[in-house]
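Q: Using the sequences and the hints, build the whole thing.
Chains as they are written, first to last, in numbering that gives the first Met the number 0: chain A, 0 to 258; chain B, 0 to 309; chain C, 0 to 367.
By construction, these hints were calculated from the structure, which means they are not laboratory data.
We treat Cβ as the ideally placed atom computed from N, Cα and C, and that holds for glycine.
Some hints could be false.
As the list claims (entries may be wrong) - Examples of chain B residues toward chain C, derived with CB under 7 Å:
#	residue
1	26
2	49
3	116
4	209
5	228
As the list claims (entries may be wrong) - Quick partial rundown of chain A residues pointing at chain C, CB under 7 Å, derived from the structure:
#	residue
6	56
7	83
8	94
9	96
10	98
Claimed, not checked - BS3-like cross-link-like pairs, simulated, lysine-lysine; straight-line CA separation at most 25 Å:
#	chain 1	residue 1	chain 2	residue 2
11	B	17	A	110
12	C	239	B	17
13	C	179	B	17
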Amino acid sequence: MSKRIDVSDLNVYYGDFLAVEDVNITLDAKSVTAFIGPSGCGKSTFLRTLNRMHEVIPGARVEGKVLLDGDNLYADGVDPVTVRSQIGMVFQRPNPFPTMSIRDNVLAGVKLNSRRMAKSDADALVEKSLQGANLWNEVKDRLEKPGSGLSGGQQQRLCIARAIAVAPDVILMDEPCSALDPISTLAIEDLINELKDEYTVVIVTHNMQQAARVSDKTAFFNIAGTGKPGKLIEFAETATIFNNPGQKSTEDYVSGRFG
Amino acid sequence: MSTTKSARRAGTGRTGDKVFSGAALGAGVLIVAVLFAVAMFLVIQALPTFSAAPADITGGKGFVSYIFPIVVGTLIAAAIALVIATPIGVAVALYISHYAPRNMARGLGYVVDLLAAIPSVIYGAWGATFLASQLKVPYQWLADNAGWIPIFGGPASGTGKTILTAGIVLAVMVLPIIASLTREIFLQTPMLHQEAALALGATRWEMIRMAVLPFARGGIISAVMLGLGRALGETMAVALVLSSGPMIASLIRSGNQTIAAEIALNFPEAFGLRLNELIAAGLVLFLITLLVNMVARWIISRHKEFSGAN
Amino acid sequence: MATLMTERKRSALTRGRLPKSTPWVVAASSIVVAAALMSLIGFNVFGWAVLSAVLFAAGNVVSSAVVEGRRKATDKLATSLVLGAFLVALLPLVSVIWTVLVNGVPGLLAPGFLGTSMKGVTGAIDNASVANHTPVLGGVYHAFLGSVLITLWATLISVPVGLLTSIYLVEYSDGNKFSKVITFLVDVMTGIPSIVAGLFAAAFFGLVMGPGTKTGFVAAVALSVLMIPVVVRSSEEMLKIVPNELREAAYALGVRKWRTILKVVIPTAISGIASGVTLAIARVIGETAPLLVTAGFATQINSNVFAGWMASLPTFIYTQIMTPTSPSNPDPSNQRAWAAALLLILLVMLLNLGARLVARIFAPKTGR
Numbered sequence: 000m001s002k003r004i005d006v007s008d009l010n011v012y013y014g015d016f017l018a019v020e021d022v023n024i025t026l027d028a029k030s031v032t033a034f035i036g037p038s039g040c041g042k043s044t045f046l047r048t049l050n051r052m053h054e055v056i057p058g059a060r061v062e063g064k065v066l067l068d069g070d071n072l073y074a075d076g077v078d079p080v081t082v083r084s085q086i087g088m089v090f091q092r093p094n095p096f097p098t099m100s101i102r103d104n105v106l107a108g109v110k111l112n113s114r115r116m117a118k119s120d121a122d123a124l125v126e127k128s129l130q131g132a133n134l135w136n137e138v139k140d141r142l143e144k145p146g147s148g149l150s151g152g153q154q155q156r157l158c159i160a161r162a163i164a165v166a167p168d169v170i171l172m173d174e175p176c177s178a179l180d181p182i183s184t185l186a187i188e189d190l191i192n193e194l195k196d197e198y199t200v201v202i203v204t205h206n207m208q209q210a211a212r213v214s215d216k217t218a219f220f221n222i223a224g225t226g227k228p229g230k231l232i233e234f235a236e237t238a239t240i241f242n243n244p245g246q247k248s249t250e251d252y253v254s255g256r257f258g
Numbered sequence: 000m001s002t003t004k005s006a007r008r009a010g011t012g013r014t015g016d017k018v019f020s021g022a023a024l025g026a027g028v029l030i031v032a033v034l035f036a037v038a039m040f041l042v043i044q045a046l047p048t049f050s051a052a053p054a055d056i057t058g059g060k061g062f063v064s065y066i067f068p069i070v071v072g073t074l075i076a077a078a079i080a081l082v083i084a085t086p087i088g089v090a091v092a093l094y095i096s097h098y099a100p101r102n103m104a105r106g107l108g109y110v111v112d113l114l115a116a117i118p119s120v121i122y123g124a125w126g127a128t129f130l131a132s133q134l135k136v137p138y139q140w141l142a143d144n145a146g147w148i149p150i151f152g153g154p155a156s157g158t159g160k161t162i163l164t165a166g167i168v169l170a171v172m173v174l175p176i177i178a179s180l181t182r183e184i185f186l187q188t189p190m191l192h193q194e195a196a197l198a199l200g201a202t203r204w205e206m207i208r209m210a211v212l213p214f215a216r217g218g219i220i221s222a223v224m225l226g227l228g229r230a231l232g233e234t235m236a237v238a239l240v241l242s243s244g245p246m247i248a249s250l251i252r253s254g255n256q257t258i259a260a261e262i263a264l265n266f267p268e269a270f271g272l273r274l275n276e277l278i279a280a281g282l283v284l285f286l287i288t289l290l291v292n293m294v295a296r297w298i299i300s301r302h303k304e305f306s307g308a309n
Numbered sequence: 000m001a002t003l004m005t006e007r008k009r010s011a012l013t014r015g016r017l018p019k020s021t022p023w024v025v026a027a028s029s030i031v032v033a034a035a036l037m038s039l040i041g042f043n044v045f046g047w048a049v050l051s052a053v054l055f056a057a058g059n060v061v062s063s064a065v066v067e068g069r070r071k072a073t074d075k076l077a078t079s080l081v082l083g084a085f086l087v088a089l090l091p092l093v094s095v096i097w098t099v100l101v102n103g104v105p106g107l108l109a110p111g112f113l114g115t116s117m118k119g120v121t122g123a124i125d126n127a128s129v130a131n132h133t134p135v136l137g138g139v140y141h142a143f144l145g146s147v148l149i150t151l152w153a154t155l156i157s158v159p160v161g162l163l164t165s166i167y168l169v170e171y172s173d174g175n176k177f178s179k180v181i182t183f184l185v186d187v188m189t190g191i192p193s194i195v196a197g198l199f200a201a202a203f204f205g206l207v208m209g210p211g212t213k214t215g216f217v218a219a220v221a222l223s224v225l226m227i228p229v230v231v232r233s234s235e236e237m238l239k240i241v242p243n244e245l246r247e248a249a250y251a252l253g254v255r256k257w258r259t260i261l262k263v264v265i266p267t268a269i270s271g272i273a274s275g276v277t278l279a280i281a282r283v284i285g286e287t288a289p290l291l292v293t294a295g296f297a298t299q300i301n302s303n304v305f306a307g308w309m310a311s312l313p314t315f316i317y318t319q320i321m322t323p324t325s326p327s328n329p330d331p332s333n334q335r336a337w338a339a340a341l342l343l344i345l346l347v348m349l350l351n352l353g354a355r356l357v358a359r360i361f362a363p364k365t366g367r
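A: Rendered as structure tokens:
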């Protein structure tokens, strides 16, 4: 169920503008990797290239390789839709589909691909996914209510349930807690800890304590100045990054001296 | 597991994507084709008019002298409508958005939207049966007291069915359109700008002049231009209200004609060259409204930078 | 000290302002003065009201200019002008509604008006009903049916084309050159005079099907030319405000674009799209000019849009007023025309109300 990702010599462009330059990184299976760095350094952009979501933005393109257990996502003939059904994503702001009930939101990935499913199987999948997202007990009595009626933190966990219902190998999270209050944040962090037993988790965060709490490894991205491309500065065990970083700029950033 | 999964998913729906995007593109192409067809058919059907002998054209002096009076008539009627409707329409919008009590404003806005949706034939019927007879007395008065001004030259029409009446009916018709559109623009004025003006000690009118009108200028112009487009192309109101005739300067005598009404009144019985002639007139009307729209767009794009909107 | 301040009759903050009673005093005196002036030149209520209002506005502005200064006076002048314009605008609009109601209600309530057509109703019959004071015969059923059918076909043509075009513009084009061309042409189409749209349809079918082809379908095509741009514009606006996050959420689940559009984007925007379509229907159902040149005039029921002339409510109103069935006794025709006008207004208002209702029904529920 869980796969590793190897990125080699990856450049990301918006039109002619080089946004992220020359990233080489390996994300281990069944682990949590955190991307940290100042705003605009390209960490979210890079995250999106891991399941080809950047292609949604007009003009965005990529050079280099991203291998999912050895298969290049950018090889000829690879359908981005296939990639995305194996590498799921959770966004900064919770975005349940407003027209669907909680149950339909969980089943969205399956239903929207028009796969037929027996009701009992669907029920089982809904329960499993919601339990996987630590949301089952809170919503089991109102599965037919609209998903947008939940609190922000519940909505975000609903989005995670929706992501894991399609049984991905990797889950990408783009600042999943930045729009949430501290208690909801804690619930999501607990969930991330559980998710890594089954999935490869990659999380972008602005919150360094969060990176330190949830991740096994941490990657620090930085940008030399406006108009310059973002770069991967340092990638190591989380403990190393926060206690004994190899680079001066990493140390400045994690100790709060800038950014 | 993963290979079967990816193989299965890659198969489903790729065709769907192609079909759907193709259909969407097709619809766009169809619109382009339709508009092209509109222009083409009008031109093709209008062509015989331009090659015909001048004596065969209605009036016997060629197409230009046939079309000129009704173009002028169209412009006069539309001009009267705009001169009346623009200030009143903007004021109505302003009243609803910034003067009326809050609980009244919503209802009034809704009423204005409804009035904008009333079919023009009803305005025409009202103008023909009610307004025209009401205006006979004022027209007579104008002819007696202001007859030395060419546009009020007597003798006044005995039925009140004059180009001025037609212009007034058009004004009543486009007024809700202008009011409804400008009201929406006024409501979009950023609250921050308005509060900033009020906090500087501005009176309500000064606030409107400082914050609301500059923001809405582009929108007002486009609303007026839309009203102008409607007034130029409006058929029924004029066909019902105006008792047409040759071009004359006086607005309060029977006479003058607009392109749209000319077509509507004559098309059902037209055949042969007369048909081509009317279609040619339609083409001219199309070009005039196109020009108006272009000018409107140009004005709006010039004002955009200063309006604070995007 | 503080109590002293509050008890002072005129504080520093109200200095230089007219007392609250001023407008009432001005109003009362202007009504009196207006009545006096009117009695000099011949009294009538309408003139009295207008003159009072003008005097009231002038009195307010002048008194304000004297006591409160120029800025306040300008403000009051602007208020008077805006309110005055509003009242002036109300007059004709109220008059239109009133005329339609007064003239239309008797005809609409006449027995058989909604259920019969004009088949066999001749000038002689109208003359007889005027002479014998019997109820006016003839009805509007054929025109009502024609309006409904023509509008239905126009909707069937316009909605798919308009909706798909707006989907292309918002979801597929990425703002390329072609989409700019379409947007421009849709703008041009919005400005096409309705009579020109009718001419196009007439000319087109005249070339293809032979000269003088006039059917309900030709009229529907003409109305579509007017309706498509409205549908494109409103649907485009609605699709644009669907948050991008929802599309991304669907893509991230491995959902194909067309399914995302059909199952996520359109359901989210459906309330706005549906109400836009309803408003577009309300707009074209009252169009008269294009029908005059495309559908002909029928006096009997025709439910086939592909053959034969077809009546419609707007053209019914027009012909009944312009060419009364009995030229010597136009009253029955007028009665029918106004009744049809009232019916048409009711229809348009229902559609407008329906648009609001539709928007509310389809709106995504929050369920909190």
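Q: Taking the least C-beta to C-beta distance, is residue 96 (chain A) closer than 7 Å to chain C?
A: 6 Å, holds
Q: Answer holds if the nearest beta-carbon of chain C is closer than 7 Å to that of residue 26 (chain B); otherwise answer violated.
A: 3 Å, holds
Q: Hint check: is the beta carbon of residue 98 (chain A) less than 7 Å from a beta carbon of chain C?
A: Holds - the Cβ of residue 98 (chain A) comes within 7 Å of chain C, reaching about 4 Å at its closest.
Q: Assess, step by step, whether the Cα of residue 17 (chain B) is no farther than 25 Å from the Cα of residue 110 (chain A), and give holds or violated.
A: Distance ~20 Å between residue 17 (chain B) and residue 110 (chain A) Cα, so the pair holds.
Q: If you draw a straight line from the CA of residue 239 (chain C) to the CA of residue 17 (chain B), is it 25 Å or shorter?
A: 22 Å, holds
Q: Does residue 56 (chain A) pass the interface check with chain C, least Cβ-Cβ distance below 7 Å?
A: Hint violated; residue 56 (chain A) Cβ to chain C Cβ min 10 Å, cut 7 Å.
Q: Regarding the pair residue 179 (chain C) and residue 17 (chain B), is the alpha-carbon distance no greater than 25 Å?
A: Holds: residue 179 (chain C) and residue 17 (chain B) sit about 22 Å apart, inside 25 Å.
Q: Do the numbers back the hint for residue 94 (chain A), that is, is its least Cβ distance to chain C under 7 Å?
A: With Cβ-Cβ at 4 Å, under 7 Å, it holds.
Q: Does the CB of residue 209 (chain B) sit less than 7 Å away from some CB of chain C?
A: This interface hint is violated because 13 Å lies over the 7 Å limit.
Q: Holds or violated: residue 228 (chain B) as interface residue toward chain C, Cβ cutoff 7 Å?
A: Hint on residue 228 (chain B): holds, closest Cβ of chain C at ~5 Å, below 7 Å.
Q: So, residue 83 (chain A) near chain C? Judge it on the closest CB pair being under 7 Å.
A: 4 Å, holds
Q: Taking 7 Å as the limit, does the beta-carbon of residue 49 (chain B) come near enough to a beta-carbon in chain C?
A: Where the cut-off is 7 Å and the nearest Cβ of chain C is about 16 Å from residue 49 (chain B), the hint is violated.
Going through the hint list in order, the structure does not satisfy hints 2, 4 and 6.
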